[in-house]
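There are 2 protein chains.
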Amino acid sequence: MRIAIDAMGGDYAPDEIIAGAVEAAPLLDKDDVLILIGPKDLVASKLSEKNTHNYKCIEVINAETVIGMDEKPVEAIRSKRNNSIDVMAKMGASGEVDAVISAGNTGACVAAFQMRMRNLPGVTRPGISVVFPTFEGPLTLCDVGANISCKPIHLYQYAVMASLYSRHNFGIEKPRIGIMSIGEEDAKGNETIKKARELLRSDKNMNFVGNVEGRDIFSGKCDVIVTDGYVGNVVLKLSEALVSYMFKSIKKELIENHKIMAIPVGHVMKKIYKKYDYHEYGGAPLLGINGTALICHGSSKARTIRSAILAAKKYHKEHINEHIIEYLSKSDVRSADE
Amino acid sequence: MRIAIDAMGGDYAPDEIIAGAVEAAPLLDKDDVLILIGPKDLVASKLSEKNTHNYKCIEVINAETVIGMDEKPVEAIRSKRNNSIDVMAKMGASGEVDAVISAGNTGACVAAFQMRMRNLPGVTRPGISVVFPTFEGPLTLCDVGANISCKPIHLYQYAVMASLYSRHNFGIEKPRIGIMSIGEEDAKGNETIKKARELLRSDKNMNFVGNVEGRDIFSGKCDVIVTDGYVGNVVLKLSEALVSYMFKSIKKELIENHKIMAIPVGHVMKKIYKKYDYHEYGGAPLLGINGTALICHGSSKARTIRSAILAAKKYHKEHINEHIIEYLSKSDVRSADE
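Line by line, the protein sequences are chains A and B.
Going by this note's numbering, the final residue of the first sequence carries number 338, and the count climbs one at a time with no gaps.
Going by this note's numbering, the final residue of the second sequence carries number 338, and the count climbs one at a time with no gaps.
Simulated from the structure, these hints should not be mistaken for lab results.
Check before you lean on any hint, since a few could be wrong.
Below, simulated DSSO-like cross-link-like pairs (lysine-lysine); rule was C-alpha separation at most 30 Å, straight line [said to hold, decoys possible]:
{"no.": "1", "chain 1": "A", "residue 1": "LYS252", "chain 2": "B", "residue 2": "LYS301"}
{"no.": "2", "chain 1": "B", "residue 1": "LYS270", "chain 2": "A", "residue 2": "LYS221"}
{"no.": "3", "chain 1": "A", "residue 1": "LYS50", "chain 2": "A", "residue 2": "LYS275"}
{"no.": "4", "chain 1": "A", "residue 1": "LYS50", "chain 2": "A", "residue 2": "LYS274"}
{"no.": "5", "chain 1": "A", "residue 1": "LYS194", "chain 2": "B", "residue 2": "LYS237"}
{"no.": "6", "chain 1": "A", "residue 1": "LYS270", "chain 2": "B", "residue 2": "LYS221"}
{"no.": "7", "chain 1": "B", "residue 1": "LYS248", "chain 2": "A", "residue 2": "LYS275"}
{"no.": "8", "chain 1": "A", "residue 1": "LYS313", "chain 2": "A", "residue 2": "LYS271"}
{"no.": "9", "chain 1": "A", "residue 1": "LYS237", "chain 2": "B", "residue 2": "LYS188"}
{"no.": "10", "chain 1": "A", "residue 1": "LYS46", "chain 2": "A", "residue 2": "LYS30"}
{"no.": "11", "chain 1": "A", "residue 1": "LYS313", "chain 2": "A", "residue 2": "LYS301"}
{"no.": "12", "chain 1": "B", "residue 1": "LYS314", "chain 2": "B", "residue 2": "LYS90"}
{"no.": "13", "chain 1": "B", "residue 1": "LYS151", "chain 2": "A", "residue 2": "LYS194"}
Bound conformation, chain A alone (with noise of 0.2 Å):
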C-alpha cells in the first residue's frame, strides 16, 4: 500500500510530521510505501538527520508551496501551484497512492480531496468522522467541519457511512444510529433533521435510534451519531477545549492546596488523558470520498501521524469504501429534492 502524507501540514510540521512517518516505518508491511509531500530538499535533509537510511519505505515527492492553516481554502489551493495538499491529492486521483493524510488547513484538504479524487459513487458530500472513545465503547460522529449546510440526504448518507466505518472499523456489528437533536421527542429539531429522520427512518436495513442529544456522546445511547458540520464542529472544538480545561482545573486546585498529592494524581491524570487523547486515534476519515483520505489535527505530534498512518492501512483493509458503494448502489433512498 502507498500512503502519501503532507509533510508540511499542521503547526508542527515538518519536523513532527516527519518524525512520525520514521516512527511508523517499522510497524508497516514489506511493500508498503511512505511518500512525503513538500519542499524535496527541505523534506529530504530532515529526513537524512533521523537516520533513516534502513528505511527504505519512505520516499519524497516535491511540493513547492504551503497552504497556511488560516488561508482561504479554494482560492489558495488556485493561486498556489504544486502546493503540498493538491499535490497530493492529484496523487490520490491518479492512483499513484492507495491514501492520503494532511494536517493541514481542513477546509483546503476537503476542498482538494473533493475537486481531484472526487466522491465515491452515490455519495452527494463527504463528512468527516471523528471517533470518541466513551465507556460503552467508540462513538463516530460525522460531519465535524466539512459540510455546514447539511441538506437531509447528506445526513442520511453519513449515517450510511458513519455506521459502515463503526462496523468493519471497530466491529460493531449493528451499530445504533442517532440523529443530533435538542430533544428525544420527534417533534424537536429544525426541518432538516425532521426529514432526515424521514429518510432514516424509511431504511429498514438501518439501526436508526431516533433523536439523541449532545449529553449522548457519552451515554451509550447509541453508536453512531450525524449532525451538520457547524454543531460537529462545535462540539469537537469544545470537547477537547473543556478536557484540557477539566484537567487544568484539577492541576490547579491539587498544586494551591494539596501539593502533596500532585506528583502522584499527576500520574493518574496522565494516563487518563492518553486514554482520551486523540493523538493516539490519528486522524479522521474523510468518508464519501473516492480514496482512503484522514484529516489529523492541527497540532498533530509525530504519534498522530503514526497512528493516522496505521488507521489509513486499516480503513484500506477493511475495504470500507467498497462497503458504502455497495450499500448506497441498494439503497432506495433518496432526497425529496432530487
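Assemble the complex: chain A is given as a structure, and chain B must be docked to it using the hints.
Frame of chain A; chain B shown alone:
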C-alpha cells in the same frame, strides 16, 4: 419582591423545589415573598412538614395540573387547564409576581412565558442564557434552546441582552462578544452567521470580537457568545455530560489502579465539581421576556432552587430588563427582512 416558583417542575419536584424555597427563606429581604405554585393541598402539606411556621414569606397558590417533562409544550399548555407553569406565567403577566422560576418542561416554560408575559419592547425573540464558569471569569452563552431557527436579528439581540446581563450581573464593564462559528476567518459560517456578523459589526456600541469556536467557551477570548438554540443546547448538554464523564473516568481509574488515592482525591474532585456545578448557579434567565423569568435544570435540587431565587432577586434589582429596553430603543440595527 414577589417570586413565584413552580413547585411541580423538574425531576425532583415537589420535594426538592419546596426544600429550596425553605432554604432561601432566611436569605430574603424583609418584604420578599415566595409563592409556590402547585396542587394546594399537596404543596401545603409538604411545606408543613418542613417546620416553616417561622416563614411567613412562603405562600401557596393552587394549580391543579402539571405538564410532564416530555410533553409537547404548546399542546400541553392548551390542554392542561390550570397547569402550574401557565398559572405562574399569568401571574407574571398580571404583575401579581415580579419573577417566575421553573425547573419544569423548558419548552412549555418558554411558550407560556412568551404567550402570557410577552416580550420586552423591541425584542423579537427571547433567548435562554447560561453561564460557564471559567478561569477567565463567567462566560455567558445565549441561546441554549428557546429558539432553534435563529434569524440574524435574533442573534444580534441576544448579543445586546446577554452583554447587558454580563455587565450588570457580573460587573464586566464592556463584555467582549463572539458569535459561534467554525473558524475565526470571516469566510467561515453559514448565511445566518454571516448576516448576524454584519448586524453586530454595524453597532459601534458593541464590543464585538467576531467569530469564535467551540473551544473559546474556555479560552478567555470573550465574555459572551451568541448562537442559535440548537447549537447552544448541544453545547450545554454535551458540557454537562462531558464533565460528569471525566469525573467518572478519574474515579474509575483511581479505584481500579490507585485505590490508596481514591478517597483524598475524591475530596478534591468534589470541591472542583462544586465550583463548576450548575446547581450553584440556579436558573438561566430567559432574556427578552417582559419580566424576570428563570428556567432551571430539570434535575434541580433544593440548592439549585435556592440559588435561582437569589439570582432572580439580583436580576430584578440590577434592572437588567430596563437596560435592555433602553439599549434597543436607541439601536438603529434592524433586520434586512423587517
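Tell me, which hint numbers fail for this structure? none
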